[in-house]
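Fit chain B to the known structure of chain A by using the hints.
Top line first, the protein sequences correspond to chains A and B. Mapping of the first sequence onto this note's numbering: position 191 corresponds to residue 191, and the numbering continues sequentially without gaps. Mapping of the second sequence onto this note's numbering: position 71 corresponds to residue 71, and the numbering continues sequentially without gaps.
Some hints could be false.
[Said to hold, decoys possible] Simulated pairs of lysine-lysine, DSS-like, Cα-Cα distance not exceeding 30 Å:
id: 1; chain 1: B; residue 1: Lys8; chain 2: B; residue 2: Lys218
id: 2; chain 1: A; residue 1: Lys185; chain 2: B; residue 2: Lys217
id: 3; chain 1: B; residue 1: Lys132; chain 2: A; residue 2: Lys308
id: 4; chain 1: A; residue 1: Lys48; chain 2: B; residue 2: Lys68
id: 5; chain 1: B; residue 1: Lys131; chain 2: A; residue 2: Lys185
id: 6; chain 1: B; residue 1: Lys68; chain 2: A; residue 2: Lys7
id: 7; chain 1: A; residue 1: Lys61; chain 2: B; residue 2: Lys68
id: 8; chain 1: B; residue 1: Lys167; chain 2: A; residue 2: Lys309
id: 9; chain 1: A; residue 1: Lys101; chain 2: B; residue 2: Lys218
id: 10; chain 1: B; residue 1: Lys95; chain 2: B; residue 2: Lys262
id: 11; chain 1: B; residue 1: Lys68; chain 2: A; residue 2: Lys44
id: 12; chain 1: A; residue 1: Lys11; chain 2: B; residue 2: Lys217
id: 13; chain 1: B; residue 1: Lys217; chain 2: A; residue 2: Lys101
id: 14; chain 1: B; residue 1: Lys132; chain 2: A; residue 2: Lys185
id: 15; chain 1: B; residue 1: Lys68; chain 2: A; residue 2: Lys262
id: 16; chain 1: B; residue 1: Lys218; chain 2: A; residue 2: Lys127
id: 17; chain 1: B; residue 1: Lys68; chain 2: A; residue 2: Lys11
id: 18; chain 1: A; residue 1: Lys314; chain 2: B; residue 2: Lys132
id: 19; chain 1: A; residue 1: Lys19; chain 2: B; residue 2: Lys68
[What the hints assert, rightly or not] These stretches of chain A come out as covered by chain B in the derived footprint (C-beta under 8 Å, 3 or more residues):
id: 20; segment: 157–171
id: 21; segment: 174–181
id: 22; segment: 184–191
id: 23; segment: 222–231
id: 24; segment: 249–258
id: 25; segment: 305–318
Hints are computed from structural coordinates only; laboratory data are not their basis. From the three backbone atoms N, C-alpha and C, an ideal C-beta is built for every residue, glycine too.
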Amino acid sequence: MEVDKIKNLPKSFLKDSLKSIFKIEKLKRITGFTGVHFNDAEKKLAQKIENYRHVEREALKTWRIVQLSRDEKRPHTPDYINGIFEDFIQLSGDRLGMDDKSIITGLGRLDGRTVAVIGHNKGKDIKERVEFNFGSSMPQGYRKAMRIMEIAQRFGFPVITFIDTPGAYPALEAEDSGQAGAIAKSICTMFSLTVPTITVLIGEGGSGGALALAIGNYVMMLENSTYSVISPEGCASILWRDSSVARLASRALKLTSRDLFKLGVIDKIIYEPAGGAHNNPERMIRIVRSYLKNTLKKFCSSKDFDFKKHRAQKYEAMGFVNLTDRQKV
Amino acid sequence: MEKITCKKCKKTINENDFYQNLKVCPKCGFHDIMNARERILSTADMGSFVEFAENITSVDFLNFYDLKSYNERLSEAKQKSGLNEAIITGEATIKGIRTSICVMDFNFMGGSMGSVVGEKIKIAVENSISKKIPLIIFTASGGARMQEGIISLMQMAKTVSCINRLKENNIPYFCVITHPTTGGVSASFATIADIIITEPGALFCFAGPRVVEQTIKKEIPQDFGLAQRNLKNGQVDIIAQRKEINEVLALLLSLFTGQIPKEENKI
Numbered sequence: 001m002e003v004d005k006i007k008n009l010p011k012s013f014l015k016d017s018l019k020s021i022f023k024i025e026k027l028k029r030i031t032g033f034t035g036v037h038f039n040d041a042e043k044k045l046a047q048k049i050e051n052y053r054h055v056e057r058e059a060l061k062t063w064r065i066v067q068l069s070r071d072e073k074r075p076h077t078p079d080y081i082n083g084i085f086e087d088f089i090q091l092s093g094d095r096l097g098m099d100d101k102s103i104i105t106g107l108g109r110l111d112g113r114t115v116a117v118i119g120h121n122k123g124k125d126i127k128e129r130v131e132f133n134f135g136s137s138m139p140q141g142y143r144k145a146m147r148i149m150e151i152a153q154r155f156g157f158p159v160i161t162f163i164d165t166p167g168a169y170p171a172l173e174a175e176d177s178g179q180a181g182a183i184a185k186s187i188c189t190m191f192s193l194t195v196p197t198i199t200v201l202i203g204e205g206g207s208g209g210a211l212a213l214a215i216g217n218y219v220m221m222l223e224n225s226t227y228s229v230i231s232p233e234g235c236a237s238i239l240w241r242d243s244s245v246a247r248l249a250s251r252a253l254k255l256t257s258r259d260l261f262k263l264g265v266i267d268k269i270i271y272e273p274a275g276g277a278h279n280n281p282e283r284m285i286r287i288v289r290s291y292l293k294n295t296l297k298k299f300c301s302s303k304d305f306d307f308k309k310h311r312a313q314k315y316e317a318m319g320f321v322n323l324t325d326r327q328k329v
Numbered sequence: 001m002e003k004i005t006c007k008k009c010k011k012t013i014n015e016n017d018f019y020q021n022l023k024v025c026p027k028c029g030f031h032d033i034m035n036a037r038e039r040i041l042s043t044a045d046m047g048s049f050v051e052f053a054e055n056i057t058s059v060d061f062l063n064f065y066d067l068k069s070y071n072e073r074l075s076e077a078k079q080k081s082g083l084n085e086a087i088i089t090g091e092a093t094i095k096g097i098r099t100s101i102c103v104m105d106f107n108f109m110g111g112s113m114g115s116v117v118g119e120k121i122k123i124a125v126e127n128s129i130s131k132k133i134p135l136i137i138f139t140a141s142g143g144a145r146m147q148e149g150i151i152s153l154m155q156m157a158k159t160v161s162c163i164n165r166l167k168e169n170n171i172p173y174f175c176v177i178t179h180p181t182t183g184g185v186s187a188s189f190a191t192i193a194d195i196i197i198t199e200p201g202a203l204f205c206f207a208g209p210r211v212v213e214q215t216i217k218k219e220i221p222q223d224f225g226l227a228q229r230n231l232k233n234g235q236v237d238i239i240a241q242r243k244e245i246n247e248v249l250a251l252l253l254s255l256f257t258g259q260i261p262k263e264e265n266k267i
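Just chain A, same shape as in the assembly (with noise of 0.2 Å):
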C-alpha cells in the first residue's frame, strides 16, 4: 500500500506525500468513470513521492555518520595522544585563573621531533564527561590552548591539534568571561603562527568551538567525523522548528568527510578500519599515526615554506559567490 511507504517520512514531507497519494487515487477513479487516462500528471505525482523517499533514504545514511561520530566506543584524543606521541607530557591552566579540562595540551616527541599537541577531550567514562562538559570548552580551555601556541612559535615546535567537540560550552559564565572573543583570538593566535600546524578531525566538529583549534595547514578528517557550521538538532529547531527532523538537517548542511573534501575544506580523508574506528582503535590510530609522521616530515623538510602565508590565503580563498558584477575596487 502506497500509505505504508510514506509513514515514516518526516511531518513536513508526510503531508505532501499524502496529498499527491489522494489526487492519485482521485484521477484514478476518473478514469473509471470516464476511460481517460492521466498517465503524465499520475507519474509526475508519483515521482514527487519518490523523491522525498529519496531525500529520506540519504538523510538516514548522513544521520548514521553522525552518530558514528559522536559514538562513546570512539577512539579520543587521549588515545591518540598515548598512542602517537613518545614523551608526552601534559601542560595545564592559563595562568589567568582556571584549567579547563575539556582541552588537553602539551608537549609530545613524534619521529624524534618535538611537537606542541592540543586537542579537545570528551571524557572516557560518565564521571569525566560531567565534569569536562562532554568535551564543550570555556573560554579558558582556549586560553590555554593559546598559551601552548605562543610556546611552539617561540620554540619552533610544529602544532598538531585533534578537533572532538560538539561545540563551545554555551554556559553563563562561558558567556561572562568571554566565550566569542576568546574563539576568535585563537583563531587569530592559528594564524599569526609561523610553525606549521596540522590538523585531524577525530569525531564531531561543532561549530566556532571546533574551528578555534582548527586552522591547518593540512587538515586531515576520519571518514566517519563530521564538521559543520551548527549542530544538525540545532539547525533542525531553528529552520525547519522542529528538532525531530535533525536528519535532514544533517544531510541539508553537508557535514561528512566526503562532501567537505569535494568543497576544498580538508585536505584529506583518512578512512578507517571496516565499520568505523571504534571497531579497531589501535588500528585506527597507527593509520594517524601514519599520516600525521608523514605529513610533519614532508613539513618539517620544506624549510623556505612560508606557513602562515599559506594558511592565510588558503582560508581567504574559501567561499562561493557571484562575482559576474564585481566592480574594480
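Chain B only, in chain A's frame:
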C-alpha cells in the same frame, strides 16, 4: 502628525521625533534596529560614502533546501531589505577623516554571515591596507549562515585572517556592536577589534539566551549578554548612545591617525 508606539515602553510617540532621534525612543531611550543605509546616513559625512562591490551576490552552491530553498530565502531577503547582501562596504569620511566602513543589516536573513559577507569584509580590509586608512565595522548578525553549511563557518576563519593582516599592518580597527550580534560574527571579526563600542541595550554574546537557558536549565539573568553586563565583565570598551557614536568614532579616528576632525553639515 503620525503617532507610533515604542516597542519597549509601549508609550505613544511622534514618528517625527522618533526618526529625528535616530530611531531611538525619546521617552525610554530604546534603540530600535537601524538598517544599513540609515546607519551610513547617520554616521558618515553627507555624500562622502562610496560603496564597493555592491553587486556581489550569494550562490546556492549546496542546493540547500529546508522549508524553503536558499534561493527563495535570498530573494525574499533582497525584497525585504532592499540590499543585495547582509552587509554594505565602502569608504567614507567621518568629520573629514577618511576610513573604510562596513555596515551589517539585520533585515537581510538576520544579518547572517555567508561567503559574500566574508568576501566584502576582505575587500574593505584590503582597501584599508592599501590606502592606510582605519576600518570601522558595524555588526548586526545572528551568526553564520546555515544555508551555506561549512563554508559559512570558514568565513569566520577568513575574516579573522583578514583582520590579522590588518593588525600586522598597524591599521586601527574599531567595531560598533549593534543589536543583536551573536554566534559566528561575535566569535570572529567583531571581538578582535582594537576598540569595541556598543549601543545601549545591544545583545552581544556567542550562544543566545535561549540556548544558554536550555543548557543550564536555570533562568538566566535579565541582562544576559546586554551592553551593561558586557561592560562590567570587561568584554567591551565603551557604551555609546546612538547620537554620540559619530562623535566617539571621530574622536577615536583622530586619536589614532592624528588628523583633526572637521565639523560638517549632516542630515
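*asked:* Of all the hints numbered above, which does this structure not satisfy? Sort the numbers upward.
replied: Violated hints: none; all satisfied.
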